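Put together the whole structure using the sequences plus the hints.
Chains X and Y supply the protein sequences, listed in that same order. When you line the first sequence up against this note's numbering, it's residues 61 to 339, in that order. When you line the second sequence up against this note's numbering, it's residues 43 to 353, in that order.
DSSO-like, lysine-lysine: derived pairs with alpha carbons at most 27 Å apart:
id: 1; chain 1: X; residue 1: 264; chain 2: X; residue 2: 292
id: 2; chain 1: Y; residue 1: 349; chain 2: Y; residue 2: 271
id: 3; chain 1: Y; residue 1: 137; chain 2: X; residue 2: 202
id: 4; chain 1: X; residue 1: 202; chain 2: Y; residue 2: 82
id: 5; chain 1: Y; residue 1: 82; chain 2: X; residue 2: 229
id: 6; chain 1: X; residue 1: 202; chain 2: Y; residue 2: 83
id: 7; chain 1: Y; residue 1: 349; chain 2: Y; residue 2: 332
id: 8; chain 1: Y; residue 1: 332; chain 2: Y; residue 2: 345
id: 9; chain 1: Y; residue 1: 83; chain 2: X; residue 2: 229
id: 10; chain 1: X; residue 1: 264; chain 2: X; residue 2: 301
id: 11; chain 1: Y; residue 1: 275; chain 2: Y; residue 2: 345
id: 12; chain 1: X; residue 1: 229; chain 2: X; residue 2: 292
id: 13; chain 1: X; residue 1: 292; chain 2: X; residue 2: 202
id: 14; chain 1: Y; residue 1: 349; chain 2: Y; residue 2: 275
id: 15; chain 1: X; residue 1: 202; chain 2: X; residue 2: 229
No wet-lab data here; the hints were simulated from the structure. Keep in mind the model is a prediction, meaning the values are calculated, not measured.
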Amino acid sequence: MVEISDETVRGLEETARLLRRHILKMTHQVQSGHPGGSMSACDVVTALYFHVLRVDPENPTWEDRDRFVLSKGHACPVLYAALAERGFFPVPELMTFRRLNSRLQGHPEMGTTPGVENAAGAEGQGLSFSVGLALAARLDRKAWRTYCLMGDGEQDVGQTWEAALAAAKYHLDSLCAIIDRNGIQQEGRTEEILPIEPLADKWKAFGWNVLTINGHDMRQVLHALDEAHAHKGQPTVIIAKTTKGRGVSFMENVVRYHGAATSDEDLKRALAELGEVMP
Amino acid sequence: MESQRTYFADALVHLGERDPNVVVVGADTTESIKTIAFGKKFPDRMFNVGISEQNMVSVAAGLAAAGKVAFASTYAVFGAAHTYNVIRQSIAYTKLNVKLFCSHAGLTTGMDGATHQMNEDIGLMRGLPNMAVLVPADGPQTGKATIAAAERPGPVYCRFSRADFPTVTNAEDPFEIGPAYGMRDGSDVTLVGCGIMVSRCLEAAEALAAERVSARVMNLPTIKPLDLKALAKAARDTGGIVTAEEHTVVNGMGAAVASAVAQEHPVPVEMVGVQDVFGESGDGFQLLEKYGLTAAKVAEAAKRVVKRRGA
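In structure tokens:
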């Protein structure tokens with residue numbers, strides 16, 4: 061396992077704070093979108109786009125790139141923020157999110173936004189799509205890897221488990237799924253809406269290599285992604301325990317912020333908490 | 043009488059030999075639908091994902107996103123209906139190169155009964171932006187549709203039957219996605235058929251000729267994109283149209299044709315098809331009789347059209 065320097069970790073944490081600020085501004089400017097689940101997934105997405113994924117912003121469709129599939133499509137603000145900061149399109153374009161004629165659709169649209177690999181919005185399709193990608197990489201004897209970020213609400217969806225069976229059947233070790241286990245879906249706590257625990261045991265039983273981590277501990281995230289890469293013969297799922305709305309005290313664990321933007325006043329407070337330097 | 047599935051399977055193997063990027067995803071019906079022939083020849087490029095049709099469609103989408111020409115294939119009721127929103131999001135919205143080829147469409151699925159007789163798939167698929175919709179008339183045309191679908195970028199839906207159909211086209215006949223094909227010329231009325239109903243339209247035209255009604259017959263294997271020019275011409279030339287399909291009349295080929303004719307050149311239209319009901323168990327061809335999908339019904343509809351149109 062490659063050692064990760066404190067400096068790298070600090071840099072990624074700073075990037076994650078920047079992406080969180082983007083998420084809040086993007087959803088605030090249009091008073092629409094899903095900040096909560098974007099912020100819970102932010103550290104994982106940061107680790108992927110700023111440390112792990114081999115992608116080329118100059119050539120978004122580079123054949124040998126790693127693929128990142130956002131299955132929980134409503135969390136696209138975090139993806140758009142990462143893509144913009146990574147150089148796939150200009151950062152100011154983030155403020156067109158969800159507006160008419162924007163390339164940044166309310167849920168990801170493939171082919172429109174540079175760097176977006178799939179269409180998502182209807183939950184539970186991303187893992188199957190990722191299985192197809194990983195099968196293609198194997199057929200072509202390519203080394204690129206596929207990462208699929210799912211929500212814990214997507215564990216309700218039957219198709220997720222169909223995909224889990226298929227990935228295990230084909231021993232897709234180039235596939236790494238990550239579950240953003242923030243414990244909240246649209247209408248409440250996952251364990252109240254439709255209990256999914258013991259989640260790790262379920263994935264183990266489905267034939268996957270299962271890693272459970274604190275999804276906000278950058279070092280744990282990086283180590284898990286590294287471990288997934290090294291694991292052979294099985295796909296890996298990382299259950300990233302996270303907090304919905306992570307990073308802003310009054311948004312954390314609040315069901316409402318699944319699909320509600322902040323007010324003007326709250327945006328100021330939130331940005332201050334995330335270290336925004338006010339002009 | 044020939045099997046559409048056999049032509050489909052042979053065409054797939056041909057495509058597999060020609061292009062290493064052609065892959066097939068199946069859902070525990072590979073033997074019945076005959077995609078297993080491709081799997082035997084190219085085991086690395088065949089993926090049987092079991093009874094998980096939604097997964098089948100998205101896996102095919104993922105394969106296509108990475109540059110493959112992905113055929114996904116099972117029975118129409120599972121492949122087109124159980125999977126609808128997955129098709130919508132994973133392949134229609136994305137315009138990915140997935141070819142959804144579904145057998146066991148229509149009443150001729152037979153003994154398995156209403157749960158398996160998919161009479162609504164044309165309507166479902168033609169409602170999706172970016173989706174091409176094919177209904178080949180017989181075995182040879184099914185083979186050609188398979189090749190044409192592989193050569194067309196983007197999503198294609200093709201439906202065919204479990205039953206053997208009368209062969210109405212020749213090996214040499216051209217086939218492209220888009221055009222309607224003239225099968226017989228006539229001046230009093232045009233009979234537009236797809237699938238097995240093409241053969242029944244030809245029979246009806248023969249019977250009508252004996253009654254001095256000159257019927258043009260058109261084979262319409264592409265329901266979308268629709269050949270508006272040919273339909274407008276048929277409406278202008280013959281002044282009336284009968285559509286015939288092994289599908290509900292609510293939103294199938296007939297509805298598409300009627301809508302086009304209404305906009306291009308309004309003339310009387312009559313539709314032969316399943317009248318907004320579910321089927322039942324029975325021999326496939328007896329079901330066609332019981333539900334009125336016969337040459338006699340097409341001929342009756344033609345005479346009504348001629349009467350409505352006036353002299």
